[in-house]
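Protein chains: 2
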Amino acid sequence: MFRFSSVLAALAMAALALTQQALAQEISGPLVIAREGSFFVGGRDVHSDTLSTVPAYAASGTVTVDQMYVRYQVPVDSGTHVPLTLIHGCCLTGKTWETTPDGRMGWDEFFVRKGHPTYVIDQAWRGRSAASPAAINSVRTGKTPVDQLPTVFSAAHEGAWAIFRFGPEYPKVFPGMQFPLEAQAEFWKQMVPDWLASLPTPNPTVPALSELAGRLDGTVLISHSQSGIYPFQTAVLSRHGIAGIVAIEPGACPAATDDMTPYAGLPILVLWGDYVDLSPRWAPRLKACREFVQAANAAGGKAELVMLADVGFRGNSHMLMQDRDSLQIADWLAGWIDRHVIR
Amino acid sequence: MFRFSSVLAALAMAALALTQQALAQEISGPLVIAREGSFFVGGRDVHSDTLSTVPAYAASGTVTVDQMYVRYQVPVDSGTHVPLTLIHGCCLTGKTWETTPDGRMGWDEFFVRKGHPTYVIDQAWRGRSAASPAAINSVRTGKTPVDQLPTVFSAAHEGAWAIFRFGPEYPKVFPGMQFPLEAQAEFWKQMVPDWLASLPTPNPTVPALSELAGRLDGTVLISHSQSGIYPFQTAVLSRHGIAGIVAIEPGACPAATDDMTPYAGLPILVLWGDYVDLSPRWAPRLKACREFVQAANAAGGKAELVMLADVGFRGNSHMLMQDRDSLQIADWLAGWIDRHVIR
Numbered sequence: 058m059f060r061f062s063s064v065l066a067a068l069a070m071a072a073l074a075l076t077q078q079a080l081a082q083e084i085s086g087p088l089v090i091a092r093e094g095s096f097f098v099g100g101r102d103v104h105s106d107t108l109s110t111v112p113a114y115a116a117s118g119t120v121t122v123d124q125m126y127v128r129y130q131v132p133v134d135s136g137t138h139v140p141l142t143l144i145h146g147c148c149l150t151g152k153t154w155e156t157t158p159d160g161r162m163g164w165d166e167f168f169v170r171k172g173h174p175t176y177v178i179d180q181a182w183r184g185r186s187a188a189s190p191a192a193i194n195s196v197r198t199g200k201t202p203v204d205q206l207p208t209v210f211s212a213a214h215e216g217a218w219a220i221f222r223f224g225p226e227y228p229k230v231f232p233g234m235q236f237p238l239e240a241q242a243e244f245w246k247q248m249v250p251d252w253l254a255s256l257p258t259p260n261p262t263v264p265a266l267s268e269l270a271g272r273l274d275g276t277v278l279i280s281h282s283q284s285g286i287y288p289f290q291t292a293v294l295s296r297h298g299i300a301g302i303v304a305i306e307p308g309a310c311p312a313a314t315d316d317m318t319p320y321a322g323l324p325i326l327v328l329w330g331d332y333v334d335l336s337p338r339w340a341p342r343l344k345a346c347r348e349f350v351q352a353a354n355a356a357g358g359k360a361e362l363v364m365l366a367d368v369g370f371r372g373n374s375h376m377l378m379q380d381r382d383s384l385q386i387a388d389w390l391a392g393w394i395d396r397h398v399i400r
Numbered sequence: 058m059f060r061f062s063s064v065l066a067a068l069a070m071a072a073l074a075l076t077q078q079a080l081a082q083e084i085s086g087p088l089v090i091a092r093e094g095s096f097f098v099g100g101r102d103v104h105s106d107t108l109s110t111v112p113a114y115a116a117s118g119t120v121t122v123d124q125m126y127v128r129y130q131v132p133v134d135s136g137t138h139v140p141l142t143l144i145h146g147c148c149l150t151g152k153t154w155e156t157t158p159d160g161r162m163g164w165d166e167f168f169v170r171k172g173h174p175t176y177v178i179d180q181a182w183r184g185r186s187a188a189s190p191a192a193i194n195s196v197r198t199g200k201t202p203v204d205q206l207p208t209v210f211s212a213a214h215e216g217a218w219a220i221f222r223f224g225p226e227y228p229k230v231f232p233g234m235q236f237p238l239e240a241q242a243e244f245w246k247q248m249v250p251d252w253l254a255s256l257p258t259p260n261p262t263v264p265a266l267s268e269l270a271g272r273l274d275g276t277v278l279i280s281h282s283q284s285g286i287y288p289f290q291t292a293v294l295s296r297h298g299i300a301g302i303v304a305i306e307p308g309a310c311p312a313a314t315d316d317m318t319p320y321a322g323l324p325i326l327v328l329w330g331d332y333v334d335l336s337p338r339w340a341p342r343l344k345a346c347r348e349f350v351q352a353a354n355a356a357g358g359k360a361e362l363v364m365l366a367d368v369g370f371r372g373n374s375h376m377l378m379q380d381r382d383s384l385q386i387a388d389w390l391a392g393w394i395d396r397h398v399i400r
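Each protein sequence line maps, in turn, to chains A and B.
Numbered according to the working numbering, the first sequence terminates at residue 400, and the numbering increases by one at each position without gaps.
Numbered according to the working numbering, the second sequence terminates at residue 400, and the numbering increases by one at each position without gaps.
With a straight-line cut-off of 35 Å between C-alpha atoms, the simulated DSBU-like cross-links for lysine-lysine are:
1) Lys-344/A to Lys-229/A
2) Lys-200/A to Lys-200/B
3) Lys-229/A to Lys-200/B
Read the hints as simulated data drawn from the structure, not as lab findings.
Generate coordinates for the entire structure from the input sequences, incorporating the hints supplied.
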């Protein structure tokens, strides 16, 4: 028995080495781009009298908010590969999908190399998508009371630690952790203030995603964490342009008691890393997502929930797109999309 | 005389058409990238007890601020081409250098196609470079008085109009204006809140630029408007890694009475668009930059001030990297860099 399992282990190691070799070959060499660039989707003009308190810039006038920044690359050999839209989570920006904290290739480039036109967004009021300082300056100039200040929060390293499931609590680490914690200083630099709680529901990112999907005429919306619910809310607005949904560790799935009509026939993957049952924050969300998948399928859905550990990946954090095995996971995900999503 | 000038005009038109044809060829076809990605430079950890007012995120803990987001592409045929660092201006982000509002190629891609490794940054506390909400939440929770709110401003469309020199005042347009005003709605979406006035001098972007220049071991710092002074301040910190400075319509040049030692022997170009003398905002800054160039050269400098109109480009706004002739200007600038900057 000992010998047999040793052989199995050796075979598994050899298979993994082969996969890694193939992957290494796939991601080396020049990246050949047909076209790339950036643009905004959505946005509305707002008049305000408290845009500025500095003399060089007028207090009164018009600014544009709610737009969503989109950066994209289309490879030369995209063929029938479906465009992917990468939607980051709380307190982060589109940087989430770029070069990992320890300097490896991000999912943004990897998917382009796999042939997918790839679109990376910054959520509305975050990163390169403008917020407005009007509410802050309104309080500062005495026009409105202090309790009218916007709700803007940052996630501290210490608190984010357990949320991102690097370990049960700061600074403890789960055994076998795949997140490159030696590069955590670079990771913390990715985090930005989050205006979500000051914004309406659905978040302005949602109609912007709907407009983007319409323009692309077929895209898989790939969300993460806080943005997990956005693709589902987008599908409720309109199914136009949505070729599939991949929700990576969603903060919330639709409730199992919701109307499942918007999701009928739509390829849906809800994807989870490791240690989820050890997390009081994530375990209930996983449970609720299981119930959603069941309800969606009972109503003619094509939804699937996958624990990465069940398909051979162990030790994954909540930031699995940056874990050490991030490209192996992306490769698996590209395969899932190829098998399930018809453009 | 009439006939002669007609011939001259026809020749000039033919030359321009030829240039445009050559340029069109140069920017068509696939873009071949050796490597690309993003990272942060600089940054410091700060403890705060007012990071959040929402229950899901702790009020106390550590966040990282002052870091500078950098996105880059290195072409396969970079050869001896010097790396370029593109530094945006007020109320904007690195988006400044990407796809223009009317959907044409940005300078970021153009310079890569010309063979230059190209680095695009977001200034500290802007875009994908984190701000901190601690001062806002400190006031909101009654820990500090209202006058301790951060100074954050947005430039309104109406006020920005004259600053960007689309015309003398909103919504008047200078005759011959090259900015694609039909796409102004897309342009306004680029504008974000600006924390500059809450930050120390020099701006944290400056030491970050110094670190980046050191890492690149030779880069031309290309600034715009608000960031115009940054490359000069960077040179005062250290000349290490600075191969040249291009200040596009700088908000300020160093004073002519400053110590000119940091700039000795350094290739410096101060570049201006059109209508500058018609602008009460910009005319005095142009004058001060002329005095700086004179002082720098008197002290062994290699500084040059160029009005675009004097080298054949007319009708350029303050946002000349987005004007209709933006790629012709970039092509001219690439030529200037080739002639003046030795890596």
